[in-house]
Amino acid sequence: MSINVPEKYWWDIPLDQDEKTWIKVAIVWCILLTVMMPWWHISGNQNPSSEFYRITTDNFDKLTDKFIAKYKVGEEEGIDVVAPPANTDVFVRGSQWMWEPILKLKKNQTYRIHLSSVDVNHGFSIVPINMNFQAVPGWDYVLTLTPTTSGEFHIVCNEFCGIGHHTMIGKIYVE
Amino acid sequence: MNWKFRVCPTTGLKVHDSAETLIQVNAVTAIVFLLVGGALALLMVLTRWQVVHILPADYFYRLLTLHGIAMLVAWIIFFEMAVLYFASAVLLSHRLAVPWLAWTQYILMLVGAAMVTVMVLMGKADVMFTSYIPLQAHHMYYLGVILFAVGAILGCIVFFATVTSAKVEGAYEGSLSLVTYGAAAAAIIAILTLAHGAIALIPTWLWALGVIPMMDPEAYILMFWGFGHSSQQINLCAMIAIWYLLGTLTVGSKPISEKYCRTAFLFYILFVLIPSEHHLLVDPGLSAAHKVWNTGYFMHLAILASMMHAFSVPAYVEVALRKKGYTKGLFGWLKEAPWGNPAFSSLVFSVVGFGFLGGISGVVYGTEQINIISHNTLRIPGHFHATVVIGTTMAFMGVTYYVLPLIFKREVAFPTAARWQPYIYGTGMTIFSVAMMFVGGFGVPRRHWDITAADAVFQLNYGPVVNIGLAITAIGGILAAIGGLMYCLIAVATLLIGKKIPQEA
Amino acid sequence: MAEHNDEHRPRGTVVLIYIFLACFVIFTYLNWKQLSDVWTVG
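Chains as they are written, first to last, in my numbering: chain A, -6 to 168; chain B, 23 to 527; chain C, 8 to 49.
Any given hint might turn out to be false.
To be verified - Here are the computed lysine-lysine pairs in the DSSO-like style, where the Cα-Cα straight-line distance is at most 27 Å:
no.	chain 1	residue 1	chain 2	residue 2
1	A	K164	A	K65
2	C	K40	A	K100
3	A	K1	B	K281
4	B	K281	B	K346
5	B	K276	A	K1
6	B	K146	A	K13
7	B	K276	B	K345
8	B	K431	B	K521
9	A	K65	A	K100
10	B	K281	B	K345
11	B	K345	A	K13
12	A	K13	B	K346
13	B	K281	B	K431
14	B	K276	B	K350
15	A	K1	B	K36
16	B	K346	A	K1
17	A	K99	C	K40
18	B	K276	B	K189
19	A	K13	B	K350
20	A	K55	A	K1
21	A	K17	B	K281
22	A	K13	B	K281
23	A	K1	B	K189
24	A	K1	B	K345
25	B	K276	A	K17
Simulated from the structure, these hints should not be mistaken for lab results.
Given the structure is predicted, the values throughout are model-derived calculations rather than measurements.
Let the sequences and hints guide you as you build the complete structure.
Right under this line is the structure:
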């Protein structure tokens, strides 16, 4: 019984054949699960970035403003729209409760997206593509992103950031 | 010293009266919080069901915070304290060591839980269960969590003191029983976990008081999950210990190989805490190599342990039933199993739901790259409702049907309702979890009041499939709420009007 | 476990556990597949 003291020298009793076989199969499967991750870093196209920098929220704020001023092409609902060229540094700022700026990107072009927040934690979720990253104040998270489909996409905040959390919606256009 | 014991007429175990009282108060408090959390759960699903959308935004976030605390913290940890005292004092037929310390545990946890509840209800802690800084709650909220955690540590100390004194005074010889061994693994993990909680929350409390500056938000996330996720591994160990206990109580199963089960528990102690870092897979701050090592190598050694238990728990039940003569074909034993016993059906739901829904999804979503398409979507609550609710909660519900006669000395009231309860609850939660994970696959965010974003500058439309999925989630949730309410009513009715079981002096 | 004869072997569980493994493999595959369809990021 599993509620009684086991018989003496239980550690000397060999495992059952079925148990032995299952352990071997399970170990093989666990190794496969583990190997998938480094393998995807080598041959897959979707990997969380390892590039990040410490930055004060003030500095990130200024960098975003500078970026917006440089590439601004218009406004939508009072939010600046920018069209940065490919292979440039793009800044995306989360704050209570908006994503700035609205981005106009080109399909199959690569951008260095700098993601951060200037107040509390936010969640950067591209809808309906379903890609999710965390925007943390004090950390500049650099995502080397290549949109591979075109259309109109939304950025939804998916980390609770206060009472207006559900109104925090941004936009990305991919042409 | 004289300690008062009685002999249980069903099991022959000697039950110390202090142990009995403490198991009772902890279990009853747990069930009260389950009732509160369940009522809140109903409001949550009825709000996320976009057509019904019952709560206003502020109350949704506030009560969601409380739902997490009431269920994940209060219900489960109070019940775990009862499990620890049961697995030490009762199963070893020994006295509970230092009862006053156990009472301190209870009072600290109760005061802590009450402080947290009051602060949240007053609207001073709309920060979610995670309470990520720089969002700030009232300092009493953090103090409440800290007091609760200190209480839980004391409970673990009482457990180890009881086991040690039982050994010293010769209450048992040789090794601990498998169930107590599993509970010990849970207690060891609990102490490590609560230490992380201290590192995350004590500086945060002092920050809220204005004594020290804020710690780094990313460092907080890391330490918080060393507490927040690792505490789910306490549940894991307690749940599996209860699986073995329920196997024995319901069909008389017995470990074929003690070495096999105990090695798996040892793997948990060694490897299950580090992978809590999987919460930071799509955060800045950790390198890819670091993430892969901790959530690959270490996580999969812990997964190996779970896969070992996934075989041994049903295998031991099968062997026990076969030995009773149910040897027909491959599954003759399943047909003859005691499906009418709510403890047995709860066990089956718990094992199958935890493994097939919670376990598989957890491993996959916690994979470094796949986390990109899972982080903070409804996949995550879908996953952990399968582990913590179908798994842990149903295991605890199942064992309640034995705790009531054994510790409360009363026959279970409404036996017919009790027979149905696990099926209703288990089916409801299965529908809920599967639908939630499915919807999450479309990127629908968790902890979100309105996914149409009606009040925002841009509106969203996730499409009809998501809307139907959320409606099915809600229907599963309502069914589960009915099953959960049945459980609470059966337990309370048993305490109040259940037939007393005669005891020997 | 000397009396552990073939009639008492957990043969049903052996089948069940491989069904479990199959589900695990399928779910893992589907998720990697879904991941490979999203935008490129590194």
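For this session: Assess, step by step, whether the Cα of K13/A is no farther than 27 Å from the Cα of K346/B, and give holds or violated.
Result: Holds: K13/A and K346/B sit about 25 Å apart, inside 27 Å.
Exercise. When you check the alpha-carbon spacing of K17/A and K281/B, does it fall within 27 Å?
Worked result: The hint holds at about 16 Å.
Exercise. Taking only the CA atoms, is the gap from K1/A to K189/B under or equal to 27 Å?
Worked result: Holds, at about 16 Å.
Exercise. Is K281/B within 27 Å of K346/B, Cα to Cα?
Worked result: Holds: K281/B and K346/B sit about 24 Å apart, inside 27 Å.
Problem set entry | Pair hint K146/B and K13/A, alpha-carbon separation not exceeding 27 Å | violated (54 Å)
Problem set entry | Hint consistency between K99/A and K40/C [alpha-carbon to alpha-carbon, up to 27 Å] | Given that 27 Å is the threshold and the Cα spacing comes to 25 Å, the pair holds.
Exercise. Does the alpha-carbon distance linking K281/B and K345/B stay inside the 27 Å limit?
Worked result: holds (21 Å)
For this session: Given the hint that K40/C pairs with K100/A, test it: the Cα-Cα distance must not exceed 27 Å.
Result: holds (21 Å)
Exercise. Straight-line Cα separation of K55/A and K1/A no greater than 27 Å?
Worked result: At roughly 71 Å apart (the allowed maximum being 27 Å), K1/A and K55/A break the hint.
Exercise. Are the Cα positions of K1/A and K345/B separated by 27 Å at most?
Worked result: Cα-Cα ~23 Å, so holds.
Exercise. Is the Cα-Cα distance between K276/B and K17/A 27 Å or less?
Worked result: With Cα atoms ~23 Å apart, K276/B and K17/A stay inside 27 Å; holds.
Exercise. Are the Cα atoms of K13/A and K350/B separated by 27 Å or less?
Worked result: holds (25 Å)
Of the numbered hints listed earlier, those contradicted by the structure are 6, 13 and 20.
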